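*Asks:* The lines below spell out each chain.
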Amino acid sequence: MSIEKKLFRDGPYADLFCQGVRVGDTLYMAGQVGTDAAGVAPEDLVAQMKNAYTHVSAVLSEYGATIDNIVDETWFVTDIDDTMAKVGDLFMARAEIYGKKPEVSQTLVQVAGLVDAAYKIEIKCIACL
Amino acid sequence: MSIEKKLFRDGPYADLFCQGVRVGDTLYMAGQVGTDAAGVAPEDLVAQMKNAYTHVSAVLSEYGATIDNIVDETWFVTDIDDTMAKVGDLFMARAEIYGKKPEVSQTLVQVAGLVDAAYKIEIKCIACL
Amino acid sequence: MSIEKKLFRDGPYADLFCQGVRVGDTLYMAGQVGTDAAGVAPEDLVAQMKNAYTHVSAVLSEYGATIDNIVDETWFVTDIDDTMAKVGDLFMARAEIYGKKPEVSQTLVQVAGLVDAAYKIEIKCIACL
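So the sequences go chain by chain: A, B and C. Under the numbering used here, the first residue of the first sequence carries the number 98, and numbering increases by one thereafter. Under the numbering used here, the first residue of the second sequence carries the number 98, and numbering increases by one thereafter. Under the numbering used here, the first residue of the third sequence carries the number 98, and numbering increases by one thereafter.
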């Protein structure tokens, strides 16, 4: 391999996968869900979305990076109707997290389920460092 | 950030995300759906697929690139049975779009839904410029 | 295009897409399913998962690479309950395939379906060469 990896492991699955893998200028991140600091997913989708970005930011910070470094994000949601019903609140909250017009491409799809029935969103990001 | 981004914003969500983000030689693109020039998704899956590539091509053209620059694509479809029933027509139409054997990797999965119930396919591409 | 592609085509869909596309140090791979050497998907999810990695390894080997080169993987499964019920067996078997703590980020979502109703998992990987 010509490019050195920088790995970040954290959480209960640290033996199974990394939260982030840096190769060159690219940072691949594991999908992040909406659990809070106690590991609990709140009922509200907007709250889960904000928590997911908190996790994303924590991974980025391990690489000296911030939310500004994200270049691509995929949102996997479990209820597209609920998502679109709250789309104004969701994107307003996300705009506050980014603090400016996000410089990212985005894809949003409804999946059939996430690893825990309480999870309503998982966000997978790629960042450029 | 060591690599300069080149952003392309378009459409009703231009404040929320970019249609394309170039970092170095890599172009990340937002998932594209099958709406026509009037913003309407036709009933037919093949027609939606062709429209999605029209949008992909429009993004690529902002970077001086073409469909030939795509290296990876993911198809998110809402009805895999319908997709497989029309797989011949779909891939014949796609072959005409590429104009040669596509030089891309592909992943095809059925999702539970897209952002509008009329959408039957969303195509997410990565290109190399 | 500034970066040369190296393509690997194989299987019944070789005219439609590549199993792997290398651009620079990055290898994009098509999603791999759990068929065995006879093209049949076994009933058991764990067996399908192992077969999928066999296919992934075969693609990697075309580029002189191994499973160690994977940096990011997405698992698309059709039954998250079955997946979580077997999560210990799944990840033990995967650990044996990697032969060490995997140096990859991972995302796991339940999709509504894969291209054949017998398929229970599709694994999409990105590798760094």
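Keep in mind that the hints are not guaranteed to be accurate.
Copies of the same chain look alike in the list, so a pair counts if it fits in one copy or across any two.
[Claimed, not checked] Cut-off 30 angstroms, straight-line C-alpha distance, at most; resulting in silico cross-link-like pairs (DSSO-like, lysine-lysine):
| hint | residue 1 | residue 2 |
| --- | --- | --- |
| 1 | Lys197 | Lys147 |
| 2 | Lys198 | Lys183 |
| 3 | Lys197 | Lys183 |
| 4 | Lys103 | Lys147 |
| 5 | Lys198 | Lys103 |
| 6 | Lys147 | Lys102 |
Please keep in mind that the hints were generated in silico from the structure rather than gathered at the bench. Remember, it's a predicted structure, so these values are computed and weren't measured experimentally.
*Asks:* First find the shortest C-alpha distance between Lys197 and Lys183 inside one copy, then the shortest across copies, and answer within, between, both or neither for a cut-off of 30 angstroms.
*Replies:* Result: close within a single copy only, 20 angstroms intra versus 43 angstroms inter.
*Asks:* Quick one: Lys197 to Lys147, C-alpha cut-off 30 angstroms, is that within a copy, between copies, both, or neither?
*Replies:* So Lys197 and Lys147 pass the 30 angstroms test inside one copy only (16 angstroms; across, 33 angstroms).
*Asks:* With identical chains, the pair Lys198 and Lys183 could be close in the same copy or across copies; at 30 angstroms between alpha carbons, which is it: within, between, both, or neither?
*Replies:* Cα proximity of Lys198 and Lys183: one copy only (19 angstroms, versus 39 angstroms across).
*Asks:* When no copy is named, should Lys198 and Lys103 be tagged within, between, both, or neither for a Cα gap of at most 30 angstroms?
*Replies:* both (29 angstroms within a copy, 14 angstroms between copies)
*Asks:* Are the CA atoms of Lys147 and Lys102 at most 30 angstroms apart within a copy, between copies, both, or neither?
*Replies:* both (28 angstroms within a copy, 25 angstroms between copies)
*Asks:* Within a copy, between copies, both or neither: which one fits Lys103 and Lys147 at a CA-CA cutoff of 30 angstroms?
*Replies:* Intra 26 angstroms, inter 27 angstroms, cutoff 30 angstroms: intra and inter.
Of the numbered hints listed earlier, not one is contradicted by the structure.
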